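**Student:** One letter stands for each residue in the lines below.
2 protein chains.
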Amino acid sequence: DSIWGVEHHFTDYTMCPDVLQFLSYMAGRTERINLGSMVVVLPWHDPLRVAEQVAMLDAMSGGRLILGLGRGAAKVEFDGFRLPMEESRPRFVESAAMVLRGLESGFCEQTGDFVTQPRVRIRPAPFKSFRGRTYAAAVSPESARIMAELGVGILIIPQKPWHEVAKELDAYRTMYREVNAAEAPAPIAAGWTFCDESADRAEAMARQYIGGYYQSVLEHYQFAGDHLAKTRGYEYYGKMTEKIAQYGTDKVIDFFLGLQVWGTPEQCYARIIDIRERVGNQAFVGVFSYAGMPYDEAERNMRLFARAVAPELRKLGDRAVTAGVTAERERPQADIALGF
Amino acid sequence: DSIWGVEHHFTDYTMCPDVLQFLSYMAGRTERINLGSMVVVLPWHDPLRVAEQVAMLDAMSGGRLILGLGRGAAKVEFDGFRLPMEESRPRFVESAAMVLRGLESGFCEQTGDFVTQPRVRIRPAPFKSFRGRTYAAAVSPESARIMAELGVGILIIPQKPWHEVAKELDAYRTMYREVNAAEAPAPIAAGWTFCDESADRAEAMARQYIGGYYQSVLEHYQFAGDHLAKTRGYEYYGKMTEKIAQYGTDKVIDFFLGLQVWGTPEQCYARIIDIRERVGNQAFVGVFSYAGMPYDEAERNMRLFARAVAPELRKLGDRAVTAGVTAERERPQADIALGF
Numbered sequence: 001d002s003i004w005g006v007e008h009h010f011t012d013y014t015m016c017p018d019v020l021q022f023l024s025y026m027a028g029r030t031e032r033i034n035l036g037s038m039v040v041v042l043p044w045h046d047p048l049r050v051a052e053q054v055a056m057l058d059a060m061s062g063g064r065l066i067l068g069l070g071r072g073a074a075k076v077e078f079d080g081f082r083l084p085m086e087e088s089r090p091r092f093v094e095s096a097a098m099v100l101r102g103l104e105s106g107f108c109e110q111t112g113d114f115v116t117q118p119r120v121r122i123r124p125a126p127f128k129s130f131r132g133r134t135y136a137a138a139v140s141p142e143s144a145r146i147m148a149e150l151g152v153g154i155l156i157i158p159q160k161p162w163h164e165v166a167k168e169l170d171a172y173r174t175m176y177r178e179v180n181a182a183e184a185p186a187p188i189a190a191g192w193t194f195c196d197e198s199a200d201r202a203e204a205m206a207r208q209y210i211g212g213y214y215q216s217v218l219e220h221y222q223f224a225g226d227h228l229a230k231t232r233g234y235e236y237y238g239k240m241t242e243k244i245a246q247y248g249t250d251k252v253i254d255f256f257l258g259l260q261v262w263g264t265p266e267q268c269y270a271r272i273i274d275i276r277e278r279v280g281n282q283a284f285v286g287v288f289s290y291a292g293m294p295y296d297e298a299e300r301n302m303r304l305f306a307r308a309v310a311p312e313l314r315k316l317g318d319r320a321v322t323a324g325v326t327a328e329r330e331r332p333q334a335d336i337a338l339g340f
Numbered sequence: 001d002s003i004w005g006v007e008h009h010f011t012d013y014t015m016c017p018d019v020l021q022f023l024s025y026m027a028g029r030t031e032r033i034n035l036g037s038m039v040v041v042l043p044w045h046d047p048l049r050v051a052e053q054v055a056m057l058d059a060m061s062g063g064r065l066i067l068g069l070g071r072g073a074a075k076v077e078f079d080g081f082r083l084p085m086e087e088s089r090p091r092f093v094e095s096a097a098m099v100l101r102g103l104e105s106g107f108c109e110q111t112g113d114f115v116t117q118p119r120v121r122i123r124p125a126p127f128k129s130f131r132g133r134t135y136a137a138a139v140s141p142e143s144a145r146i147m148a149e150l151g152v153g154i155l156i157i158p159q160k161p162w163h164e165v166a167k168e169l170d171a172y173r174t175m176y177r178e179v180n181a182a183e184a185p186a187p188i189a190a191g192w193t194f195c196d197e198s199a200d201r202a203e204a205m206a207r208q209y210i211g212g213y214y215q216s217v218l219e220h221y222q223f224a225g226d227h228l229a230k231t232r233g234y235e236y237y238g239k240m241t242e243k244i245a246q247y248g249t250d251k252v253i254d255f256f257l258g259l260q261v262w263g264t265p266e267q268c269y270a271r272i273i274d275i276r277e278r279v280g281n282q283a284f285v286g287v288f289s290y291a292g293m294p295y296d297e298a299e300r301n302m303r304l305f306a307r308a309v310a311p312e313l314r315k316l317g318d319r320a321v322t323a324g325v326t327a328e329r330e331r332p333q334a335d336i337a338l339g340f
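Going line by line, the protein sequences match chains A and B.
Heads up: the first sequence runs through residues 1 to 340, numbered per the working numbering.
Heads up: the second sequence runs through residues 1 to 340, numbered per the working numbering.
Keep in mind the hints are simulated off the structure, nothing from the lab.
Careful, some of the hints might be misleading.
Computed beta-carbon distance windows for the label pairs [what the hints assert, rightly or not]: (1) Ala308(A) to Ala306(B): 44 to 52 angstroms; (2) Leu83(A) to Asp200(B): 53 to 61 angstroms; (3) Arg232(B) to Thr111(A): 25 to 33 angstroms; (4) Leu83(A) to Phe127(B): 41 to 49 angstroms; (5) Arg119(A) to Ser198(B): 26 to 34 angstroms.
SDA-like cross-link-like pairs, simulated, lysine to any residue; straight-line CA separation at most 20 angstroms [unchecked claim]: (6) Lys75(B) to Asp46(A); (7) Lys75(A) to Phe107(B); (8) Lys75(B) to Phe107(A).
Among chain B residues calculated to face chain A with C-beta under 8 angstroms, some are [to be verified]: (9) Met15; (10) Ala27; (11) Gln53; (12) Gly112; (13) Gln159; (14) Thr174.
From a predicted model like this one, the values you see are computed outputs, not experimental measurements.
Idealized CB from N, CA, C, for every residue including glycine.
Let the sequences and hints guide you as you build the complete structure.
**Tutor:** Put into structure tokens, the structure is as follows:
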């Protein structure tokens, strides 16, 4: 099992600005559970510090980190970090290459167009390889190719039809095989989750809160405007903007809702199995608290899932059955965090 | 009581590259103890991230952070972060001003020569003021003036004669009164500490390990060369280099040893009282593990101090009696960290 956290900044969208710091706190609170980052947004960081933080968290937690990386997509966050969004992909690639090499070799060094780092030692020294436990979010098809070249697994944050995800994964797996002369690691799939004994109540609550969450996605990523279509490297997001304009917000929210995991425990289980058959993920990360859901509801949601769904999933022998809760707005003491 | 950590990079000198991350782990391990940073080296950070990390740690720990800031002095670290040492002071001042304002107002914003930050919200929002619990290391006399202007307390990391420290504190207090129309907060003094039931053994061990530690200071800060004397903003350190050349390493180590806290519990207590009478500090931060001291020795050292010295200090009604242990070289799981 594992706890996951996200990285987001500046808006009410979702907590927390430093996922490796959050997971360090959770490393202190726990002894055995794995700790996943979904994701460290590399272009917003000095990648040298990411390598150091990763080495430190892994040392403090006894090697429990599952490292998830991403490149970010919200203009408000790139603006806050004084970075042009157009640079996010090459910055991500140069940063990821340096961090991943650094975690294997113990030294960071890079001469890139966006990242330059004279050779320095990572202290504490990484004591265990990150191969096989490093993943990256890939939303656009181009990203899947990049992740294959970096030799990392794929984090699926559901926002497009599962058959499209499956198709891109095929391309990624082929590419991965060519580049790395090995099979790609199984992906990890996340899903906004609402579990209730009553199917009707589950649907109503999913509609209210998963729908409400997607509303906050539209705001945080400014999907209403045309800036994404105009930003190099975000053409795929630009197409999403077009579809939202074409179908209207309500339809798009319905569509998003249809990708997620909600219903009775049996329905949730069946949905996860369906996803698994489509994309071959060996781990599922549920998001149980979002869009201002009351904490007791989020806790009930997660506990029911943990009691009635997770044990069944474990029987499949998957590598990890995972659970996350978004650290909510304005709440000073976050428990577990996960978001878009 | 409190646990303190340091920030250092790239060499064997001392652990840990991210003190706020380390303290986040300790926040998870503990419930009531305060958490002190000695220090966050602002010029090496994106100060926006420092403000975010501080707000997060304070939220996760329920307001237990004592914030210590500094500007750094080791060329190897400035080189690793691709920064000219000459810029450290103005970078520190602009960063500290932005971070401290941000923690009070909830927004970061700066238009400086070295730090530029468009206005963004700190999320999670700071929920408690940092006034009265923010300190900065001030080694050179110029720094004391800067800290008075920033309205922060002084962290004393003993490396010059206590009568000089006392004199500079007088100047700082006068300046603080003028600028802030209030009395300066009492400083916090640290000290390399070795406590043993036998006075002879304490001295021998102090000589070996505190001496050995100072040897690593000379190496990490490259006191042998003349680069400090030639670096703008580090003239005071340049003078230290001259003195080291003049007196020789052995004499300087003797001198450093004479500033620290070692001996029987009674001797340690008397030494701390002597320091307190000279500088009026209301908290003492002991460093109990350094220079490769075996862990069992470090633990014995700290436990004896905790049992036989700390309770006596608490009777003085000081605000905090504090304890730190350096996170040692090559040790993956650090407990408590403090260093130079």
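**Student:** Sort out which numbered hints this structure fails and list those numbers smallest first.
**Tutor:** 4, 5, 12, 13 and 14
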